[in-house]
Amino acid sequence: MNFIVLGAGAIGCYVGGRLAAQGQNVCLVGRPHAMEPLAREGLTVTDLDGYRALVPAAQLRLAGTLAEAAPGPDTVILLCVKSGATESAARELAAACAPGTPVISLQNGVDNVARIAAQAPALKALAGMVPYNVVLRGAQVHRATAGAIQLQRDAATEPVAAVFNAAGLATALPEDIRAVQWGKLLLNLNNPVNALSNLPLREELLDRDCRQVFAALQTEALGAMARAGITPAQVTAVSPQMLPKVMRLPNWLFTRLAKRMLQIDASARSSMWDDLEAGRVTEIDAICGAVVRLAAQHGAQAPLSRRMCELLSGPRLRLTGVEMKRALGL
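In terms of UniProt numbering, the sequence shown is residues 1 to 330.
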C-alpha cells in the first residue's frame with residue numbers, strides 16, 4: 001500500500017510520520033517551508049503518552065506537488081489540506097490519480113467528501129475524523145491530546161485501518177461516520193474560542209467565561225442538528241447533550257468531572273490559533289459556517305455561529321472570555 005499525504009501539515013505529518021516510522025511507504029506532499037526542515041533533519045514524531053520516533057531524512061519521501069509524488073495504482077490518498085483548499089486539491093487529484101483511487105479526508109468539517117466528489121467524481125472519496133490536537137514545530141510533530149481516528153466503513157478503508165492500528169494510530173470503522181463528523185464538529189466549536197482567547201487550550205478550558213461561550217455555540221449547534229434530524233455521535237467521555245452542561249459548570253466541579261478533557265500538553269493550541277498567527281485563512285467556515293448553513297436549510301438561524309464567522313474573518317482579534325460573551329450578546 002502506497003500512502004500519499006496531500007497537505008502535510010500537523011495532522012498529515014503526524015499520521016504520515018507514524019506510518020513511515022513503522023515502515024510503510026509514505027510520501028508527504030506539502031509547501032516548501034514545511035518540507036525543508038524535514039529534508040534537513042528528518043521527522044521526529046512524539047505524543048503525550050511518551051511515544052518518540054525519528055524518521056531520518058534519507059527515509060522520508062517528500063514532494064512539493066502531487067504530480068511529483070507520482071500516485072500509482074496501489075495509492076491511498078490521505079487528504080489533510082485545510083477545508084478551504086478542498087476543491088483545488090480535489091481538482092489536482094482528479095488530474096493525477098487513476099479512477100477509483102481512495103481519497104480519505106482527514107479534515108475538519110462535515111462537507112469535504114461532497115466537495116471532493118463534486119470535483120473528482122471518478123475517485124473514491126471517503127470520510128475520516130481525527131479527534132486529537134497535533135502541534136507541528138519545524139521537524140517535530142507532537143500529538144497533544146488523546147483519541148482514536150474514525151474512518152468511513154468501506155472495503156477500501158478496512159485494510160487502511162489495519163495498517164493504521166499496526167502503526168500505533170488507534171483507528172475504528174464506525175457504522176455512521178456522518179454522526180461522528182457532527183460529534184467532532186461540536187468539539188471543533190472550541191477552535192474559534194481558543195483562537196480568539198490567545199490562550200493555550202488547557203488554560204482556555206480552565207477559563208469559565210471561555211467555556212460558557214463554547215457551551216453556547218454547542219447548544220446552538222445541537223438545536224440545528226435536532227431540526228435536521230441529526231444525532232451526533234459521542235466522541236468523548238461525555239455525551240453530546242451533556243457537553244454544554246459540563247462546560248458551564250463552575251471550575252471547582254468542572255476540573256473534577258473533566259479530568260480526561262484536561263489531559264492536554266500545556267503548550268497545545270488550536271489549529272485555528274496557528275492559522276491566525278500565521279495570517280492564513282482559517283477553517284471558521286467549515287465549522288461555524290456549517291452550523292449556520294444547517295440551520296438555514298431548516299428554516300432557522302444560528303446567530304452565535306454567524307457572529308463567530310464575522311469575528312474570525314476580520315482583523316486579528318484577541319478577546320477575553322468576558323469580551324467574547326459581550327461580542328456574542330451572551
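Wrong hints could be hidden among the right ones.
[What the hints assert, rightly or not] Cβ-Cβ distance ranges computed for the label pairs, FRET-style:
hint : residue 1 : residue 2 : range
1    : R91       : P303      : 30 to 38 Å
2    : Q263      : A118      : 33 to 41 Å
3    : K259      : G50       : 33 to 41 Å
Treat the hints as calculated values from the structure; they're not laboratory data. All C-beta atoms in this analysis are idealised placements derived from N, C-alpha and C, irrespective of residue type, glycine included.
Going through the hints against the structure:
Against the hinted window of 30 to 38 Å, the Cβ-Cβ separation of R91 and P303 comes to about 34 Å, which satisfies the hint. Against the hinted window of 33 to 41 Å, the Cβ-Cβ separation of Q263 and A118 comes to about 39 Å, which satisfies the hint. A C-beta distance of roughly 19 Å is found between K259 and G50, which places it outside the suggested range of 33 to 41 Å.
Comparing the model with each numbered hint stated earlier shows that hint 3 is the single one that does not hold.
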